[in-house]
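Novice: From these two lone chains plus the hints, build me the complex, please.
Chains A and B, in that order, give the protein sequences.
If you want this note's numbering, it's the position in the first sequence, counting the first as 1, plus 1118.
If you want this note's numbering, it's the position in the second sequence, counting the first as 1, plus 1.
Simulated from the structure, these hints should not be mistaken for lab results.
Cβ coordinates follow ideal geometry from the N, Cα and C atoms, glycine included.
Treat the hints with care, since some could be wrong.
[Stated by the list, open to error] Listing some non-contacts, in silico: residues in chain B with all C-beta distances to chain A over 12 Å:
1) 6
2) 14
3) 16
4) 117
5) 125
6) 127
7) 162
8) 190
9) 202
10) 222
11) 223
12) 229
[To be verified] With a cut-off of at most 27 Å between alpha-carbon atoms, the simulated DSS-like pairs for lysine-lysine come out as follows:
13) 1123/A - 287/B
14) 288/B - 1123/A
15) 99/B - 1125/A
16) 1551/A - 1536/A
17) 1125/A - 287/B
18) 288/B - 1125/A
19) 1123/A - 96/B
20) 96/B - 1125/A
21) 1123/A - 99/B
Given next are the chains, with one letter for each unit.
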Amino acid sequence: MSEGKRKLLIALALLVFIAIGIVQSMIDPTQVKMRRKEMSVTGNDSSDLMVQLPGQFIFASAMGFKEVVAGALWVRADTFFHMGQYQAIVPIVRLVTWLDPHNIDVFTTGAWHLDYNFVDDDQMSDKRYIPASVALLKEGIANNPNIWDLYFELGWTHYGRKIGDDRQAAYYINEATKHEGYDVNTGRKVPRPEFVDRMLAHQYEKIGEFDKAIDEWYKSRKRVEWLMKNPRTTTYADNVSLDICDRNLSLLLMRMGWRYGDMKRYKEGLDIAMRLDKGSKPLTQWQNATLAAEKDYQRRLASGQPFGDALKPLDTDFQVNFKRIAPKVFVISGKVNLISSSEYKGLASEPFTHWYEDNEKLSADRKVLWRDGCRVRWKIEDYGYKMPALKTFDWKLDTDQTVVWDDIAVSGGSFSHKIDLSKNDEFYPFHGKKYKLTVWLTPQQPGCPDYVQDRVGWKGEAFRDKLIDTEMIPGINCLKWERMLTQDEIVGKPVQTKGEA
Amino acid sequence: MIIWSIAKATVGDAMRKKVLQIFLVVAIGLIVISLSFSQTLSFSTREGSSTDIMLVKSFGMGLMAMAGWLISLVMCVSLIPQEIERRTIYTILAKPVKRYEFIIGKFLGAMLTLAICVAFMGIVFIGVVMAKAHGASVAAASSTTGISALDSGIEKVQLFDINMVWSVVMIYLQFMVLSAVVLLFSVFMTPTVNFFMGLGVYIIGVLASLTETLASKGSSLNFILKGFYKVIHMIIPNFDKFNVTNTLLHPEAHITNVMHYTGQVALYGIFYALLMMMLAVIIFEKKEV
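Pulled out of the complex, with its shape left as it was, chain B reads as follows (with noise of 0.2 Å):
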């Protein structure tokens, strides 16, 4: 119930915050305009529109990975100095809260108000695309008058694809663990420092195959730089593994067994903010405040 209310108020700050705020207008107003990117922009080689809902896809999805990191960041590295800050942290801490117990409060305040951006986001991101595949199977329609799309050698449209949902939910899970570190920097960090630390990590993390090449069998680093980087790609938390936009835009290329990845990404993801947490409990117990 503690952890329950401390994050409800967390969630609360959090919408209030007028930074934020922008950012989720200004993301979703982007993704809108997206319809119109893809317009102006005929890369297709393509009979039909199907290169052009990629190219809304994918942009959406890199407008939510950007929008995505910038509220983690923005939002978690008060979190904690806040609290001290405007030494509200005394107030709570002086009524029966654990200190493990407002950690975890103000984490879950966090992931809720992520939810709920991420959430916005995604739900105009597939209105988005949505609205552009019923125009191209609209158009497609009435080019294709008296044959059918298959003879025509037009593509069929598909106007809603369950993939979507799932690349929003990668994007969530990604940041919830970007979340959890920003938090756990956030416990002895001041705000300045840890979001250039958190946006570091999130940067390398993006960049995890490159890490995971340079420390592989077939690198041609020598065996110290290879143990270095094999050393960063398990330390440093793999965003990468979230990252389906290709995914998304070549399913049928790509995808074998959906739930499988899924998973395992999934499980990764709160091992991490797990430990996460656990770390910044750890900290915060022996803190000063």
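Isolated chain A (complex conformation) (with noise of 0.2 Å):
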């Protein structure tokens, strides 16, 4: 090639490169477009998401990249949470927990994301996806049987808080305490946290299995003992959790006297009692009301007056008014006598806490007349709903069904709330043709705080009402009233509906 011909096919080679940086400026735009597209599907569509992993990623977790593209994958999943596309986690949590069974982070934020995160203008959560969540959990645990992480939070998180199903609950976080854990740095296997276990103790004192609760106690105290002989275990634990144990089991004993009578357990809670904070000088406020509770122990013991004050009688008068004001808006209203100050006066409870004493003290406008905290909760369900048992994961929705449920605080004796389920056409269809609509109040915590358990007991012995429930919740006194609605009562016009049951 001639010298000429050679600087000639130099030139046109720059203008070729030229060539393709104005190409190349010509088509960035369009795939930057392309690329905003992606991210407005994925919001959209949770199931796009999965179809758009590159082939390159499958392969690759095929070549025994799995892991790799797990870990890859879950960090897409944090850039998505912090942009707010909820949606688009859940397919990736499908993936990864499929790439990689034994990721425990990723079973629990997901089964937390589709509690949580998927909500309407009111921030009630779509209730819809709890079968999801908890068949992820399943799924978590079918992987992962070895270790108590899962155990305990479907235990804890969904059947006790989520769903309110304390029994379930109690029995996950039962195999909870039967296994350890592990350190995700290391691998090595660790003792679990303490805490699993005094979770487990609080659930059996919310289901009634007083015995159980009791012997559960003691049990943590010792497993607390072990770990503070055992150094080298990762799993922290100190006088304070040795001290959380012993004025549990105390209170749960002296309540065990305070609201049955029994002064066997209300002995052996006062001498568990008296033990705390010995030496404390001056005495300290525990110190005072267990002097204070021994006194009148002994008093009632020498008088013959007895406790009980689950036993006596109370008469909760609930009533509930459904009020429609709009289609899809209600009003939930009513009363329930829970619990007005008066019940406090000569309380077993009250030498130690003192409240009706201190409120006595008070000025007439700061006196109270109801001690509140409690919730009374409802539900408007299809007629016939039953909460699915999903066999394996899947977070397809039925988007037929509705079914919502949240609570109400109880004030000064009555509660009412405005539910608007008008916003949300997708979370709250009411495609059906009947309706389910349940109020109820449950004795059990936290809808029932231990003041107020302290006057009707752990199962509602005290509740008189004709509107008492006991197969509900198989042993527990509920408050529960309950009518049908037709959907043309929901999305028609306002109509109002004075409660009976």
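Specialist: Right under this line is the structure:
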């Protein structure tokens, strides 16, 4: 090639390079637009994200890079989280748990997203996702059966807090206490945290299994002692953990005396309480309360005046009103006699709490007539709806279903709340012909605080009401108001229905 | 005529390479296997089988891309050095063959080989997707007896999607550019060094959207680094422009003008390959063989 031709070729190459730059600058904006569309797709339809997974990722997974891909995807999920695109996270969760079924965080975080992040305009979560959340955790348990984490997650946050099935919660937390944990950094087996065992004791208390609860508190204490004696364990436990066990156990035992007249348990609880804060000067509030309780115990024992506040009947007079003020907009209101200040007069717990005495000392404008803190729950669901038990994790929703629940605070013996389901048709389609509205109150915590239970008992033994229901939660007296609603009553013209069981 | 003869000889040589045959067979085998993979993975949130079909498409495209860069690299790294090593280049250049004819002939031969490989994979890929779609349409029909698919909420399954052909063409264009780059390198690099150089260029090119973002106005980098990434973005071929897997899976969401986009990208690829060939010719003219 002659030098002239060579120079010409170089000049042509330069021209082509410039042409490349021009074409590239034309394509780049189109690509940016395409990427924007990708993002909107993931935000609109969660399934799309899954199938957008590049083939190279799948291939890499098949070639033994599963965990690497899973990790990369989980980082991507974090990006979506910060962008508020929660719907995009769920398919990633599905994929990551498939690629790396031992990544515990993904199961727990995924379940959390399903439980809490699909919310309507009033921040009420879409309850139809709960079965998927439970199924995801069960899948996690199946893949990781030898560690405590996911049993606990399923029991405490799902059955206990989300679904409100305390028996199932107790079952799964009990399963958690049969397993240890592992250190995520080293993979070494480590003891489960001591709070897991404590939570089981609380859970037994909630379902009225007092002997088991007491037994569990003793076991928890022993476990804390063992953890403290074994400093090599990375699981933290100290005197505070011991103190928590002792205080909870003594209060449980004393309450068995206060509420049901079990003097043996009461004495046992007092003995434990007397040991706490020993040597403190001046005496602590706990010690003063214990001494007062001890005196009261002796006085009652000598006089033959019985304990048993939960055995004294209390007319709760539960009433509910349902009023629809617009299509899919309702007001649920009512009253329940929980619990007036006068009920605390002479209550067995009074020497310990001094609540009535302190309230009486207040000036008229500060004195309260009711001790608030109870919450009634409400639920509107398709008539005959039963929460599905999914065999495998699948976040498909039956978009025809309607199920929603929440709670309302009781204040001054009454409650009222406006519920607006009209803003989110996807969440509340009301496609069925009939619906069931249930409004209920359970004596269990957190709907009924312990100071209210001191009067009505763990199982609502003091409740006297025509609306008592013992089947909703077997063994527990609940107050339940139920009504069938037609589709027209929900989406039609406003009507008012006065409460009747 | 000379160029065509060299190209034909190159195709014959390349297709006889066992390693190429193995890549091709394995890739085709895996594409076929992806039929059963999609049944194993149940990610669908929709009624119907569209998600499974999309998964087959995604997997097949991934495999073709994987096989594509392997074939391009393995085939092109040795195109020139092999002739020098075997001393066959002396015989060729002793005849009335211009050096640029030799380079262009070699490149054309490589392109034909690549076309054969991609066509094989593409045909199997499209066949597998159609088979999957056919299975899904049969299942949909049997589950909706008496009611229309629309009434039943099940999506109508499309057997043949023209975008699949488009995606195969885009894969071919992508590896045409890679082959041109590797062929340029093969003029002055040993095959081993060339393999890794080519792979490096490919990886950076696949991440072109990243370099673009880093070089963009919104980037938080200082102007020196921005400039560096801008140069990288302009010099290294942007292989991700040819990656249309996502667009293939969501044509309804992405494609506003397929022909326009394809035309631009094809032009980009052709210009790039042309530039590589020009540089290869310029360097090869001065090379002592």
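Novice: Which of the stated hints cannot be reconciled with the structure, identified by number in ascending sequence?
Specialist: none
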